[in-house]
Every structure is written in structure tokens, then in C-alpha cells.
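Enquirer: Just so you know, the protein sequences line up as chains A and B, in that order.
Under the numbering used here, the first residue of the first sequence is numbered 540, with each subsequent residue one higher.
Under the numbering used here, the first residue of the second sequence is numbered 10, with each subsequent residue one higher.
No lab work stands behind these hints, which were simulated from the structure alone.
Please note: incorrect hints may appear among the correct ones.
Said to hold, decoys possible - Computed footprint of chain A on chain B, listed as stretches where at least three residues anywhere in the stretch have a Cβ under 8 Å from a Cβ of chain A: (1) 28–37; (2) 237–250; (3) 265–271; (4) 295–301; (5) 347–361; (6) 380–393.
Note that the structure is a prediction, hence the values are computed from the model and not measured.
Even glycine gets a Cβ: it sits at the ideal position worked out from N, Cα and C.
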Amino acid sequence: MQDIFPQRIKMIQGVIIFFSFLFLINLFYIQIIDNKYKLKAKDNAIKELIDYPSRGLIYDRNNKLIVHNTNQFEIMVTYAEVDALLDTNLLCRDLNLTKEYFIETMKKAKKTSQYRPYVFLKYVDDSNYQRFQEHTFKYKGFFGQTRFVRQYPYANGALLFGDVGEIDSSQIKEHADQYVYLSGDCIGKNGIEVYYEYLLRGQRGIRTVVVDALNRVKGSYAEGANDNDPVAGTNLQASIDIELQRFGEELLTNKKGSIVAIEPSTGEILALCNGPTYDPNLLTGGSRNKFYPKLLLNKHKPLYNRAIQGLYPPGSTFKAPSALVSLQMGAINPNFAYYCPGYYPIGKKSLKCSHRHAPCRNIEEGLTQSCNPYFCQVFREAIEIPNSKDFQNDYDRWYKNICRFGFRRKLGIDLKNEKRGNVPDTGYYNRMYRNQWRATTVISLGIGQGEILATPLQMANSYCVIANKGYYISPHVIKGIEVKGKFEPNKDKKIKVLVPIDKIYFDRVTDGLEMVVEKGTARSSKINGIALCGKTGTAQNPHGEDHSIFVGFAPKVNPKIVIACIVENGGGGGGLAAPIVSLMVERYIKDSLPPASQNRFNSIKSRHLINFQLDE
Amino acid sequence: MAKSPSIFNKLDWPLVITYLVLMFIGLITVYAAGFNPEHPKIYDISQTYGKQLVWIAACLLLGFIIINMSSKVFSVFAYAYYVLILLLLILVLFIAKEVGGAKAWIDLGFFRLQPSEFAKFTTCLALAYYISELETNLAYTKKLLIALAIIVVPFALILAQHDMGSALVFLSFAFLLNRFGMSDYIIFTGFFVIIISILSLLLSPIYLILSMIVLVIIIAFFNRKSKDLNKYIIAGITITSFVAIYSISIDLVMDKLDKHQKDRIYVLVGKGGNDWNVRQSKIALGAGQFSGKGFLKGTQSKMNFLPAKETDFIFCTIGEEWGFLGCSLVIGLYIFLMLRILHLSEKHSSKFSKVYGYAIVCVFMMHFIINIGMTLGLVPVIGIPLPALSYGGSSLLSFSVMIFAFIRMDSERWIYTG
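Chain A extracted, bound-state conformation (with noise of 0.2 Å):
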């Protein structure tokens, strides 16, 4: 090594030098000249509050307010800080709390945090913070402080909106990264609430006040100039009818099951209801804690989002998508006739048709007369071409063109946990049938029937492509994010996803499924002046009796809501999911009822399925 430069040794020493003045300068300007920073000589003179920033309001498609706070006051205590000589007596009469409270809560205080504020008591009414707020004087460590807790002026949409509850020390390390929550913190637990948390949240105020010795607040320390004030969360704007979504919640009244109705045109979920369900104001503020567990331990599972994570087979209504993946694919045409001897030969077995009914001589009485074998012959000449090697790849194309209608896939909708349900792939079948598999093992698709399982939100979805005659905009729940007062468009949510099929094949299916409405299995559910299209569908169902389903779409021309309805072991479609489904459109299109379908909307909430309490 040739050492030429021996004077650069400057350059480093240079750099240390420069930096190290650099950081006694600063530390001399902060701990010796600038007074911000000075701390007056008892300690305690100077004290952190935290302003709470009201959460996020969220409005309703037509701005009807759904979701609001309100105020509620708890008192927090400084363990260091409490005298020895505090008056405990006075403390838990003015409060209302037994001796043994407050032993707890002081072992608890001095244990999380000596010198951190500690909540000592949750949701303190009026009277008893008033009498406090008197006596503050006498009380040195403890503070009383101002929170937001949630409420919801409709009751309904409890597993939509979700709640908002206390924050856990795991999920404070989970959200590090993104901003400082505190122990005692809300944090959104479900729902919209806790998809949008990072909006709703705002963010907290911090204000630095100087006390005094007996703990008054004197004013604000060097002219608020460290203060922080606190930003309110972002208001939201939800894709929600609040009437409609009350209207579906009220059709399920003590039955297991879902609603999900889309605008088509708009991805925008106008209503996502569940049965059996809940006052959501149950779990906000100090109920939540009393009603949560008793929720969570129901055995009609009412905290389950069965809209997103419900799986059921989706019976007949599929067969409108699986014919149009037939016709695209050329495997049909829409005049395909076949003859129906009332059963579907399978080898040596044979799938039965639900009923006796004229032979179908295209689409339209097939979809009419909801015929199994005629779907079972559909699916068949889809999946098994003449003189073709390789019938798994068949099986691939037709595979990978169903799912173009969203099934075995997540929509991306606005709520967690959100579940992807099944189609088959060749996989699958090659691992459960070893390789041993032909189109007569898993005929039963072609009606929806079998491995394939989807979420109410897939099935109305799959509908809308046949609504819109070729896309869909992934479904979504949140339609506008304020910005400077005005919502502006969740433009992340819309994205539109086309599925190639020609216009042609969907206008002879939606003639179709109009015949379903009109004269078809589905044909008590007609309403006056309103062409509903729609198809029924009967999920069989191992553990008891069938499940109820309708999906459709009304009117039939520029359609303006798309419905699926499920009502667990509510035998078959036309009997419980039609009706509700035709009653929520018109509801929906004309914006009340006329007196007639007041009384089958009557009817159908007096049909109790199950019997939901809380207090069993």
C-alpha cells in the first residue's frame, strides 16, 4: 500500500470536530437558553393532556347521518402523583365505587405505568363526574378527560359498520409503524370501522397545561406553542340505503341469512344485511364489554358476516352464468332443446328432476322450468368435446371462464375477512378422485350443486355481469371519502372487470330468467309494473332442511339493483328468498309498498325460523 495522502486524517477529524460543536451548540441552546424546553422546578407543574379527536362520521347514500359520537367522560389517574394522605372515602363516594375497586385499580395503575396517566374509571355518567369535577382539588394525580364513544341513530348494519372498542397491546405493535395508539386507545374491530380505520381515526391533540400544586389547570404552557390540536377523523360516505337496509334487516327478523343488493352500474352496495342481527349501540361504549361475549357465544353466530363469509352451494341460480360460459364456448346455442324423461342418467345412477314439466326448447324454458337434467346436458357439452384427448383441459376452459364471474375469488369489497368460496379446479378433483375423474363425477356443477361454494356478496355479483351484459365494478360499501367538505369519489374501489360474452347470449338469458319471474318457479314473487329477472335456487343441505335462494335483477331494462337473498333452511327459492327479494326491489324502485305487499312484508317477518335472544 503506497500511503500518499497522510493529510486526510483531516477530512474525519474534521467531521467529528464540526459535529460535535455542532450538537454542544444545540444542547446549550435547549438546555440552557431556550425556555420552551425549560421545565419549571417541581415536577409535576407541568402536565401532557391528550384531546381526543372525534371519529369519522359516516353518512349514507343519501346523506342520511348513520354513524355519530357522542360524548362520555372517563378519570385517569398519575400513580406518582397521588398524595398519600387522598381522601379515599370522598373519592369513591363522589364516584359512586366500592373500597375493593380501588384497591384493584391502584394495584393495576402502579403495576402498567407509575409516572403515565392510567384509566381508572371507564364511562362515568354526568352526576357522578360533576361531583368529582368539584372536589378535583382534593384529588391530586387523578384527571378527569373527555372520549368520543360511537352511536348508531338506526340500529341496523351492526357487522357492516362493525364497532370500535379498546385497543390491545398487540395490535398497538401491529400499528407502530403508522401512528402512535396508546394504551386505552379505540381502535375500529370490525366492519368499516376497522377497514377504514386509518381515516376514521384523526389524530389526536396534544396539549401541554401548567397546574398547580393542588392540581388546577392555570392555563396552557408557553402560549400552546408545543400544542398539537386534534384532527378529526375523515367523514365518510357509505354506498348504503339506510331504509333498505333496515327494510332487509326487518324481512330476516329471526332467520338465518343474508341480503346483499348492488347497484350493477356503480359496484355500490345499497344493502348488506344479516340475520339474525343486532343493535349495534350494544357494543359501543361501556355495553360493549357486557354484550360482546354474549354475542360471540350466541349459537346462531349473529357476529358472523355471513353476506362476505358465509359458503353455500348456490344451487339452481347458477345455472344462468354456467349457461352463458356453454354458450360463449360454443357448446350451445341458445335454441339448444333437450327432452327431460324426469331424471339425468349418470352410469348407473341417476340425478332426479325436481318436477314434471314440458320438454325445454331453448334457454329461456330451460331457465323457466329450472330443469336439472337440461343444466346437467349444458354443463356436459361445455366440458366434454367430441374427439377431444384432453378432457382436463376442457375442463380448465370452462373452469377459468366461470370464475370470470368473480367466483373462487375475493371482490376486494371494503370489509375484512372476506372469504373466496370454491370452484373446483382440475387439481382439486386429480387429488380427490386420483386422477380418476370424467364429466358424469362432477356433473353436478352444472346446477350448483356439489364442491362449489360462494358468498351471498359472489352470488348477487355474478348476477350483475349478467345485469350490466358483460362487467362488473368490484362491489364496494364506501362511495365517497371527504376532502375538504365534499365526498369525493373511493375511486381504489371501482374497478370494472369484464367478461367477455356476447350481448346476444345475455339478452336470451335475461329473457329467460324475466320467465322465471313471470311464469316460472318464481312466479308468487311477480311485481306489478316492475320486470323483476331472476332465478331460485335450492341448496341442499346436509344438516337439515334446504336452504332458500333467489339472486336477480330489476328492471329489466337499465337495471338498478341486483339482490341475493339466502335464508338458511328456508326450503326452496321460491318459497322465502323470492318473496323477500321482490319485496326489498320494490321497496327499493317505487320507495314504499303498496298496502297488498304490506302484508306479505308482514308475513314474512312473522315467519320465525329461529328464536334470537340475547339474554338466553
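Mind docking chain B on chain A? Use the hints.
Expert: Frame of chain A; chain B shown alone:
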């Protein structure tokens, strides 16, 4: 050479004592910062301070072993250590669990090993070995590129662990390369880019570009008689256009960073963001005033307002409890430590030891600047320990090995001269 009775007569005691004092200050500060009245004993190993005491004992033992071994252990196997740690760094990417955003630790049950800490040491050794074996020096581009490669490989691996702090330390080796031949211009360009970055964040690009143009005109004016005037103007225009493009696209550069990193930089230049940590850190320092509140009397730094009061923000506790005096003492000790190592390196005739001395000064310097700089709000908040002071086994062990290896090398300098 006469055989001396003990190695201890040949040690550079000022350096040894400075380092031991820093470790001792570290221990009592960790004790004060993490003080738990239910466990008041400093040797209670359920607490951070008890663990730190154990680590210091381990470091002293390791130091004792190192100064009794020949320094050949380090020079001969320099590349082997380097490669070994590189393998560990790759392994970390696959098996480490994510802690606080970084995938940097291998969990050994009793101890979380952080290979990036030891990568600093092995990179120092590898660089020392490579540069000392050169026949020429780093003024030759090819040699410089190889030296750069030795630095960049561990740098990139550590960056892949999302451990920005540890990765930045490797940039400090630029000063080492400069000392042994790399052009001054590269260092100046580095400073220039940092200054332009800060200015771009502070000012609108228009002002920056206008002032660059004015600067070029002034330089051209004073050199108007020079025959190289054209060159000056062309260079000026080129640099100005680079600055223009850079300052306009600074937001794109910022978008490459993680959100919290971006936040911390915006805090620094006073453009909002969440400045909770820095504000708390300054309040704690300010509370100390001239002579501090006294041992264990601090409250601000104890209030758990600071997320890493025993590691990254340990300097705040010193500031609050020992005031400006204590801070000056600690900074003074660091200055002495670093300048002493430089001084001893220059005197040394073994080329390996000389380069090694420079290398570890670079590492210490970067830790010193970033850590204290961030507590003062002069540098973005980057998680990086203060050498010898911060709580943590991996960093303490790694710094101790670095220092004691140098002390041993230094004790051998008579062998080469004598």
C-alpha cells in the same frame, strides 16, 4: 525484542479507560432509564440493567481474551470472518421474524443475535486486509471498485432486512476510502447531494434553481479571464440541470421511502408529520438544564413517552439527569476516543492496523452522529444505538470486540518498529 512480563504494560491505557468509563456510564444510565422501584437492585437480571451488567461482564471477559491473543487472528482470517457473516446475513432474510418492521434478528432463545452488528466489524477487517495488501492505493478505479464491493454487499443485505440504521453506517466507510486514495470529489459530491436534498425539501425548486444559476454566474464572473471559462460554464450548467431535475422530482425520491421514514424526514424539515418522539426527546433534554436533576430524579425520560428510552434515546436520560455538564462529558469522551484511535493508527507501522483503526473510527463516528443528532432533532429518527452506552447485547459485544481488537493491534506496534 525483549520479552515483556505482561501485555498490560503495552496497552494504551487512556483508550482502554475511556471505553470502560463509557460502558460504566451506559450501565448507570440504562439503570436510571429503566428503573423499576420493585426491582431496585442493579444486578437484578429480570430487568434491562441487570442484563446490561451481564453483557458488560461478557464484554470484559471477551476483551481480556482478545488482548491476550495475537492480532494475527484477525488479519489472517479477515476474509473468512467477512464471508461467514455474509452467510449469516443471507440466512437472516429467510429465518428471521419481523420485529418492529425489521427482519434483523436470529432468535437463539437466550439471546437475539443481530448479524448486522457484527457485519460492521468483519467489514472493517476485510477492508483493512484488502487495502493493506494493495501495492498501490485506491486512487486506481479498479482497486476502488473492489473496495466498494466489499462495502456494498453487506450494505445491500442489511438494507434488504429493512434495517435502515445499520445500513447507513456502511456509508461512513467513504471517509476510510478517501483517506487511502479515493478522490476528494466523491466525498464533496456526497455532501453536495445531502445539502441539495435538504434544500429541495425546504425550498420550492424555483428558488433553488435560481440560486444555482446566480452561483454559476458569479463563479463565471470571477473566472472570466480564465482560459477554462467555457469548461466552468458547461460544468455549471450540467450541475444546475441535475439539481433542477433532482429538486423537482424530490417527491418521487421520497415516495421510495417507507411512510414512517418519510414522516421522520418531514418532521425534521418542519413540514408536519408525527414529531412525538423528537418533541419528547427535546423536552427531556431541556428539563436537565445546566447540571441536571440528579441521578434517578428524571421524570420525562421515564414516563414511557419515549419508545426506546434504554436503547436509541438513552442520551435523553443523560441529558435530563446530568444536564449540559453530563452531555458535554459524554460527547468529550467520544471525541477523545475517536481522535485517540486516529492518532494511534497514524503512529502504527502495520498497514493492516492502520486501516483497521480508521475503519472503526468511521463506524463509531456514524453511530455517534446519527444517534445524538436524532435526539436533538437534527437527523431523522433512525433506530441506531449509541456505542458502549445503549442497552443491547449484540451492539455492545460488537463495539467491544472492535475496540479490544484495535487495542491488541496497537499493543503490538513495537514489534514492527522495534
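Enquirer: Which numbered hints are broken by the structure, listed smallest first?
Expert: Failing hints, ascending: 1 and 2.
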